[in-house]
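Asks: Since the structure of chain Z is provided, determine the placement of chains V, B and A on it from the hints.
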Amino acid sequence: MARILYFGKLSSIFGEMSETADLPASISDTAALRTWIDQTRGFDGVLLHPSVRIAVNNEIVPDPSPVSDTDEIAFMPPVGGG
Amino acid sequence: MARILYFGKLSSIFGEMSETADLPASISDTAALRTWIDQTRGFDGVLLHPSVRIAVNNEIVPDPSPVSDTDEIAFMPPVGGG
Amino acid sequence: MIRVIDQPFRISDAIAEFEAQAAGAGAIVTFSGLVRPRAKGEEVSTLHLQAYSPMTENGIRDAVNRAKEQWPLTAVQVTHRIGNMSPGEAIVFVAAASVHRRAAFEAADFLMDYLKTEAVFWKKEVTPSGVHWIEPRTEDYHDRERWNEAKGS
Amino acid sequence: MIRVIDQPFRISDAIAEFEAQAAGAGAIVTFSGLVRPRAKGEEVSTLHLQAYSPMTENGIRDAVNRAKEQWPLTAVQVTHRIGNMSPGEAIVFVAAASVHRRAAFEAADFLMDYLKTEAVFWKKEVTPSGVHWIEPRTEDYHDRERWNEAKGS
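Chains Z, V, B and A supply the protein sequences, listed in that same order. Residues in the first sequence are numbered from 1 upward in steps of one, following full-length UniProt numbering. Residues in the second sequence are numbered from 1 upward in steps of one, following full-length UniProt numbering. Residues in the third sequence are numbered from 1 upward in steps of one, following full-length UniProt numbering. Residues in the fourth sequence are numbered from 1 upward in steps of one, following full-length UniProt numbering.
For reference, chain Z alone in the conformation it holds in the complex (with noise of 0.2 Å):
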């Protein structure tokens, strides 16, 4: 079980902050998860978009990074505090 995060508004989407999925063997990096996501979880293309960025296991990667069943992944669209 993969463990998904979902920051800032896309939260709010989601209407939750996180979930476990078991994702398909056809997912295999974070391009393709980032599809299967968007379209199963109704992000509706939000999740295509560049300026969401995704962490695997805390760390940012570039599309595609391999993505397991075991990992923690963030899509974190665009940040700032202060």
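None of these hints come from the bench; they were simulated from the model. Just so you know, not all the hints are guaranteed correct.
[Claimed, not checked] Derived DSBU-like pairs: lysine-lysine, alpha-carbon spacing no greater than 35 Å straight-line:
1) A:40 - V:9
2) B:40 - B:124
3) A:68 - A:124
4) A:68 - B:68
5) V:9 - A:68
6) V:9 - A:124
7) B:124 - B:68
8) Z:9 - B:68
9) B:40 - A:68
10) Z:9 - B:40
11) A:40 - B:124
12) B:68 - A:124
13) Z:9 - B:124
14) A:124 - A:40
15) A:40 - B:68
[Unchecked claim] From chain B, some residues computed to sit far from chain A (all C-beta separations above 12 Å):
16) 2
17) 32
18) 62
19) 82
20) 83
21) 124
Virtual Cβ for every residue (Gly too), placed ideally from N, Cα, C.
Replies: What follows is chains V, B and A alone, placed relative to chain Z:
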């Protein structure tokens, strides 16, 4: 009687922060006053340096500006706080 | 010292603590960011900030280390709130101490530019018209670019 | 608010008071100048500052008014010590509040440049080698010049 104020290093050289003085009739402007005070109070040329500004009655004035025996006259070396 | 906390803090306590750490410095610059009571003409009832630990803390630590490499600082402090906060409450406190003031000003300014545009936080405002996620302003990105230009020149 | 005082003050009290005045601001920048324990390799036992009232206060008030014309500030505070002070004590506290941070940073920076090079104060350090009157450093005059350049461009 004019009141003469010495600030910063000038107060250390004169040994006091102020004095009252009867200005001689010949001293009617700041340029003449500067020279007279420098010579009679042992400033040894320090007061003649252009970085020493003169204020008459709390207002900085250029040489030569009028001075009279009822003024408060301040000799001000370069300023700076903070 | 870096803190990401979900409880209110007082700026006066933060600066009193920092002053003790900064002993020997001649100059302390602080920046405090407060929740504004209005945004785009609407009243703000709540500001909410999310972080992603430990990525958030690690990123701030890296920025503090870059500031220490670039300027001769004797002490640096970053405190950042997360969770729900009300208008007037402190969101962020940055303090930089140095022997002379220019380094302290520039380091605090640099750290704020990092926190506004690169630090791993997400924030939303709750107003009468609903919930609004806030992304950095164009000016914030421009402000950050100043440090890259300075490096290149 | 402008204060020239001959008694010690606490930076944390100054900022707590300022925060109350600055209600509604999103950004507060403070600068605190402290008596350094050493100068040119010597221990400083006492720093002494002279002012010339009301010229000193009037000059600071003019500088605060120039800052308010140049930046959209919601509050400004300048507190400056005179008389004898010991290492670690606060000499000066400047605070500027604004809706966004750039104005607050620039106004605090501008006011410090004024205080360092133009404000009507004279200061001396007492060290083991004697009494030394301190004039602004070349860097202080250069820092001040930045604001004239900015105006001209």
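Asks: Decide, hint by hint, whether the structure agrees.
Replies: Hint check:
For the hint pairing residue 40 (chain A) with residue 9 (chain V), the CA-to-CA distance comes to about 19 Å; that is within 35 Å, so the pair holds. Distance restraint check for residue 40 (chain B) and residue 124 (chain B): the Cα-Cα separation of roughly 13 Å lies within the 35 Å cut-off, and the hinted pair is therefore satisfied. Our distance criterion of 35 Å between C-alpha atoms is met by residue 68 (chain A) and residue 124 (chain A), whose separation comes to about 31 Å. Proximity of residue 68 (chain A) to residue 68 (chain B) is assessed by CA-CA distance (about 32 Å); at most 35 Å being required, the pair is judged to hold.
Restraint check for residue 9 (chain V) and residue 68 (chain A): satisfied, since their Cα atoms lie roughly 34 Å apart, inside the 35 Å limit. This hinted pair checks out: residue 9 (chain V) and residue 124 (chain A) have alpha carbons roughly 8 Å apart, not beyond 35 Å. About 31 Å separates the Cα atoms of residue 124 (chain B) and residue 68 (chain B), which keeps this hinted pair within 35 Å; it holds. Proximity of residue 9 (chain Z) to residue 68 (chain B) is assessed by CA-CA distance (about 34 Å); at most 35 Å being required, the pair is judged to hold.
Distance hint between residue 40 (chain B) and residue 68 (chain A) is fulfilled; the C-alpha atoms sit about 23 Å from each other, no more than 35 Å. In summary, the hint linking residue 9 (chain Z) to residue 40 (chain B) is supported, as the alpha carbons are separated by about 19 Å, within the 35 Å threshold. Proposed proximity of residue 40 (chain A) and residue 124 (chain B) is contradicted: the alpha carbons are some 50 Å apart, above 35 Å. A threshold of 35 Å between alpha carbons decides the hint, and for residue 68 (chain B) with residue 124 (chain A) the separation of about 31 Å falls inside it, so the pair holds.
A distance of roughly 8 Å separates the Cα atoms of residue 9 (chain Z) and residue 124 (chain B); the hinted pair therefore holds under the 35 Å criterion. A distance of roughly 13 Å separates the Cα atoms of residue 124 (chain A) and residue 40 (chain A); the hinted pair therefore holds under the 35 Å criterion. Taking the CA atoms of residue 40 (chain A) and residue 68 (chain B), the gap is about 23 Å. The hint holds against a cut of 35 Å. At the 12 Å boundary, the C-beta of residue 2 (chain B) stays outside the reach of chain A, the nearest C-beta of that chain being 19 Å off.
With a cut of 12 Å on Cβ distances, residue 32 (chain B) falls inside the contact zone with chain A, its closest approach being about 4 Å. For residue 62 (chain B), the non-interface assignment is confirmed: its Cβ lies about 21 Å from the closest Cβ of chain A, beyond the 12 Å cut-off. Residue placement check: residue 82 (chain B) keeps its beta carbon more than 12 Å from all beta carbons of chain A (closest about 18 Å). For residue 83 (chain B), the non-interface assignment is confirmed: its Cβ lies about 19 Å from the closest Cβ of chain A, beyond the 12 Å cut-off.
At roughly 16 Å from the closest C-beta of chain A, the C-beta of residue 124 (chain B) stays outside 12 Å, upholding its exclusion from the interface.
Going through the hint list in order, the structure does not satisfy hints 11, 17.
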